[in-house]
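**Q** Let chain A serve as the given structure and place chain B on it in line with the hints.
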Amino acid sequence: MTAAFELDFIGLALLFAMAFLGAFVAHRMRQSMVVGYILMGIVLGAVSVGLPDQVGTHLFLDTGERTLRPAIELLSDLGLVFLLFFIGVEFSMAKLRRAGRTSLVIALAHFSVNMYAGALVGMAFGWDARSTFFLAAVMTMSSLGVAAKSLIELRRLDREETEYVLGSMIVEDFLTMALLVVAMGTVAAGSIGGDVPGERLLESVGGAAIVYTVFIVLALIVIPRLARQVERVRSDEVFVLLALAAILGSAALAYYYGMPFMLGAFFIGMAFSESRISERLQLRLLSFRDAFVAVFFVGFGLRVDLAMLPDAIGPIAAALAVVVLDDAVLLSAIVYLMGFNARSSTSLGASLLGRSDDSILFASVGGSLTKADGSRLLPRAEQLYPFAGGVALVTSFICPWAIRKSAGLAVWLGGALPASLRFAGASIGRSMRPMMLHHGPPGEADGHSLLVLPIAYTIGLVAATVLVASGRPTEALVACAVAAVLLAILHWPLSRELGRHVVSSELVEDGRPVVGHRAVSAFVGRGTTMLLAVPLVAVAAWTYAWWLSPLSVLALLGALLAAASRARATALDVGHKPDAREAVERSLERQRREMERRYKRRGH
Amino acid sequence: LELADFVALAAVFAFAFVGGHIAQRLRQPVMVGYIVAGVVLGTVAAAWSPLGDAMYVDPGTRQLSRPVQAVFDLGITFLMFFTGMEISIHRLSRAGRAATILALADTGLGFLIGGLVGVLFGWSWTDIFFLGGIIVMSSLSVAAKSLIELRRLDNKETEFLLSAMVVEAFISMVLLTLSTSFIVVSGGSGPSRGMAEMGLAVALVYVTLIAVAVLVVPRLARGMAAIRHEEVFILLALTMVFSAAALSWAFGLPFMIGAFFMGVAFSETALTDRLRVRLMSLKDAFTAAFFVGFGILINLALLVEGEVALIVAVAIPLIILNEAVLTSTVGFLIGLGRRESVNLGTAFLGRAEDAVLFASVGGRLKDDAGKAALPHGSSLYPFAGGVSLVMSVLTPKLMKVSVPIADALASAVPGWLRFGATLVQRTLSIELGPETPQRPGRSVPFMLTTLAFLACVLALIGTFRRGDVLERLLLVAVAVVVWAAHALAMRSAFRQLGPSLDLSGLDLLTRDREMLADHVSYMLSALLLIPLLVAAAFPLGAWTVLAVPAAVLPVVLALSRSVHRRAVEPPLGMSGQAMLDAEAKADGKRLQHGRGGGPG
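In the order they appear, the protein sequences are chains A and B. With my numbering applied, the first sequence has no gaps in its numbers, which climb one by one up to 604 at the end. With my numbering applied, the second sequence has no gaps in its numbers, which climb one by one up to 600 at the end.
Calculated lysine to any residue pairs in the SDA-like style (CA-CA distance at most 20 Å, straight line):
id, chain 1, residue 1, chain 2, residue 2
1, B, LYS145, A, SER235
2, A, LYS405, A, MET29
3, B, LYS145, A, ARG234
4, B, LYS145, A, ASP236
The following label-pair restraints were derived from C-beta to C-beta distances:
id, chain 1, residue 1, chain 2, residue 2, range
5, A, GLY206, B, THR43, 26 to 36 Å
6, B, ALA203, A, MET29, 40 to 50 Å
7, A, ARG97, B, LEU3, 30 to 40 Å
8, A, ARG592, B, HIS229, 51 to 61 Å
9, B, LEU204, A, GLY206, 51 to 61 Å
10, A, PHE397, B, LEU3, 34 to 44 Å
11, B, LEU448, A, ASP62, 58 to 68 Å
12, B, LEU3, A, ILE216, 18 to 28 Å
13, A, MET29, B, THR43, 52 to 62 Å
14, B, SER49, A, GLY206, 20 to 30 Å
15, A, ALA94, B, SER49, 44 to 54 Å
16, B, LEU3, A, VAL217, 13 to 23 Å
No wet-lab data here; the hints were simulated from the structure. We put the CB at the ideal spot given by N, CA and C, even for glycine.
Looking at chain B on its own, in the form it has when it is part of the complex:
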């Protein structure tokens, strides 16, 4: 090691300390302090060459110097390992379909917004993927911290919320793996690979990691628990972390993926607490170094030159709209109460280490020539930095006022729309809720078509860069057919749910449950048309992101209006009571008829 190396490391840790300390004093997340300290350090170093030479290989391109890069990478590794440990497979499997749907919806909406912003500013597709990733990645730690501070840990929605976030983090990690391997050939020393080879590598890594998680780690954990000597224990733990990183690295994937999955594998063992205690100071220190290093990478000049400040300014309202309104709506539709769903939506607002991580993966991707693979790679750093700084400061405040937001939203929505949403919610909460004796078993065609529909949307997204028009049209046609089949399957499934639908408190003038179920299924099918059409039409231009919902949402609204009219508003010239009587008569006749025919 040379003098410059020590100076660089000492500077990183000293700035991290100052930033973290001040942030704690101001009752802000330490991460905010670290990143700001890193930005300050980077700015100072860029201007003052003695420090600049220590911090950067080349101050112009902001390439980190050896030791800083090393602690940066170690920081990511530890961060990912610990993030993985939070995500227990147990929790994932318990999350249930509701949380999965919520996470999928949130991820989809986030990427949509990312696409919108990226296209607006003329970024390329690969850039947009990472931009979307940053916009999607809700921070589990910000949410958890604020939930503790607001004493909401025992709330009904909290468990659900955490599960959904875990699912989301998992989805994002999988996406990150797939994307980095398919978008660009990894930034390692590995040779360039073809698509098929890459797919094989990804599959191999997954299979190996799953095998390790299922077969090796539980056995190993029992052995590790028997190691009483802490030094030996730490060495074994680090060996596991680095081997997993090495495995994914050797196959050309980002190394942090391996660390993440190793964390997931360990999350199921009894060792998590011991690992946390033993590796805590390593994790704290290197994570801090990672954030400071990330701050160093932020080139403040790009805020103006690269319009990053503007992008951040555009993205943040969109994120707030997405989470606080859209995700809350989804939460409401799948069965949460009004306030709970807004609590949930605001908790999803936090952006912190995961977003930073996405940016730092994207920013350092290299193509075969060793150049940055993303045209706007270096803008990702300030973008993620800005978004995560603002959002991690803002989130606790917004979470605190979630109840007034919920009330405001509720009063802003007209009655007929609330009626439609309530119907959808009650239907879905039976469908997604636990099995009860009152309700029939799940409909197989419905489940199958749902999966097929998801696959179609994914296929449409995955192939949108292929130029073949015919192929695309074919795919869209198939997707539309699947959608139609799904709509039919859903209708029949919901009709079967009809009898157990909870209709209390709605002041219904009709008992025609079949009509209600049909409308719910039509509304949902219309909503599902949005992702399908966006995925299909996205190559035509960014305007589709806005145009499709603008075209489809009126249909949904009209459906809601019509079901409200039919079920609640009495027809002209007939009082509500008369209508009820007429229906009761009809029902009674039907009932008598059924009874008569039964025993006879």
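So that you can see chain A by itself, here it is in the shape it has in the complex:
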């Protein structure tokens, strides 16, 4: 533009007034502020469309296209930069390590379940691959803010599962950023949906490599040294300038190498997170974050075009149903299988229900991607905003409520589920519990195979998923086959390890103690492997057709259920002589000896 640029203060005033209102009301209603910002943004957007001359021109260059005025876009992008910088600065490897294995598994499970479900929703509504990717990402990203706020409100901070909620959120933040990097590297370069030659992909991968190298060098070598120098800058006034220059400079660097600018801010934050000036940085830049992040969210709300709502309402409804099902039921079930008790599991699942800042982040990144000619890259970008807005608003609204009701859900599920399912859950869960929930360093008993193999298997799965997404079914199948082999190898050490922990004596049903110890431990091993095979089957079936994937997953789960039912029958000796007292006593005796042996071993 050649005309003189001016800050439109009327627009700014409106924006901040709405942000204030949103924050104030949300704070009063004990909701996450993000909800307030977005709602007010939507209201303001609707008003500006209704009154284009009085309000609209101060906010939009073009009310129809919903392109924000440059100044507002500038502030909103700065908000994004500060948001990501703060995510980065609060990241630390130490924190991640402290989160532990359990949180890692929960985060992975949550992440993959929701991404999968999101992909299904997108496919079901006929979205293209790229848009579906962002839709799934929007559906996946749980909000630490919403969860923390709800847990504080409900005074649940000292409960067993809270630690894991927060831990898995931290892990998920990592996953989010990794996904964003991947998304930018591949989606933007056009590998998903593949209509761009490989050269450009290479180029973007090269750019990404340069950026990563630069930031790794920065984080490991430059910043620790620099931090000592910077500490000597006494004046806060000048210190702030340095911080801003660093953040904006790294955003520019990332941009230059074809990555989204907010990743630069994120990385520089991460590079600073372990340094000794990280606290000072956070303190000094706090007001920037408070002010501009609000603008970012209100700006997001502004872009939500309510006229697009009818188009987006189907996906929103489906996504909401799926998210609630995923988190409150499926994830609770998975967590239960990992050894949490019923109430903790449902409470954990409900806590992960809130979607807000990260989802919005993905939607706005996806929506802002443009092709070389300036048109939107995602065909569904228009719907992505209302979609993310709707999902975020509803989920963060119901999250606290769901946490409060989670205990009831646990009771209800306990009563409603068929006996065989309950049996499967209880047996696997109790066997996993010592593995998953023990505190302290991992014992030697775990063995290396139990560390390396799951990781290798996960990598194989990720590779297969990426290959499916980039439209290479043959290679994907190969990757699936490799993963299947890895899983098969994993099966033996896993079932042996689990078998050691099977405590069938505690499995009491209807007052009848379990007798078929071997059957139970065989089932635990087999069932766990089958559960681990679920993602594999899902991916493999997807190579043929997307709808086949959920069907085959259901089939696998059915098989698991059948196996559970059989094992239960054997273990409880249902249908056999009910007065096999001898067998029962023998079994109990063996278990007692086993316990003693383990006790002794632990004593040494």
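**A** For chain B alone, coordinates are given in the frame of chain A:
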């Protein structure tokens, strides 16, 4: 945002950091570092097109690019808001008439000098206004900083000095508002407006802002204090700042005026400290960006081509003359001690953000066609930059040597002149000082005529561009009549003050207080003739600025000489003691006469 935007912003902040850091190391104000860094950045960008494309929309006209302009504007907004917060209405109202007179005198003298310089270099009237503004705007922050460093905060004159500067800043802001709206129709997207409409808009903005300050802000502040959540608090604070900016912007005034008045409104609340803490880093960062952006706007080529270097070289001695000598004199005349008044004058020397601000308002004014409204608009940047750089570095040094300056000045002045000045000072310090039981109440005609006189001078200044000779002559005639009336009113007022006049230490040979009071009032009236005549004769040419004082000052000097001769020097053939005796006899007679007549 595009790559160029990030590059531009990163460059601005990086240069600001380097400049600020170095300036702090060298114990100079950070602003100096920022502006110099901005000049360097601008020069580099103008020469090297990859950076130039990021920094400028068009490197030729030095129009800032989008993001730089945005942080620049935000910087002004925050700067003005914080400047406004320094100016409390409480302090303004407490400043008293003495500080107001000092501020008025300083402003008037500054604009006079600006006019002189501008006319000398052939600038247009609108340019001259902003030139004068830059010359007038003393920096509160430079003064405050140096006062702290020199440990003068507890000095007697400091409170007075700060009040006077606050008043001056306030006057300048009001002038800026009025001028930008009347000189040129604002550089907004607003349609062109007529004079009356503009006046209405200005009045409306003022009324609204005053209403907000008096009615809304105190109530709001109580509500804000109850907001414990900092995020919400910051958002509300920013909303207030931007709404005020938007209000003045919507009425076609420069947006910073609104931010300034919002700051003034908040200065009275209990929230100032919290606002300062919470908005501090925003203010620091954006203010730095503003100064760097200002540096970027400085086209070094104009220093030579536009003779700006020369103008700066001419202006700086004049500023020093104005503040260190003339303002000190005014300070002395209105009742400060010798050293105190020079302390005060040198403290007024600093030029910093306010001057830069005046320049950046003037430099970006646009007329309806979107062209720069001021012919020398782009020269204002280097001028303000040069003046503020030199003065903010020089001021602390000059303030340090103010005492020797005071002594040198005092010894350079002949005794009879010092006598006259002392008389004026003592008279004025009663008149302007606090009410005491010894002294009669203020004279109403004197006050009324003073106001009328001020109004006449302002009217003369305000209409000097109108070509109607008859109208002008009429106005001058009215002004002269008012002046004469004022002179009479002043004489009678001072005669009443006579008995409480402090005459100790003057070695007087006369007790004729009436004669002394008359002379003081004549001297002051003669001095007041200077602004009147300059305002009246200014359209005739710049020489009037020098000619009028040259004509009037000898009269003042002669008056001082004559009062000295009559009061201190004994007449020929009579010793001092004899004269005193003669007067005492006369007094005694008068006294006896009065006593005799009283009870009888």
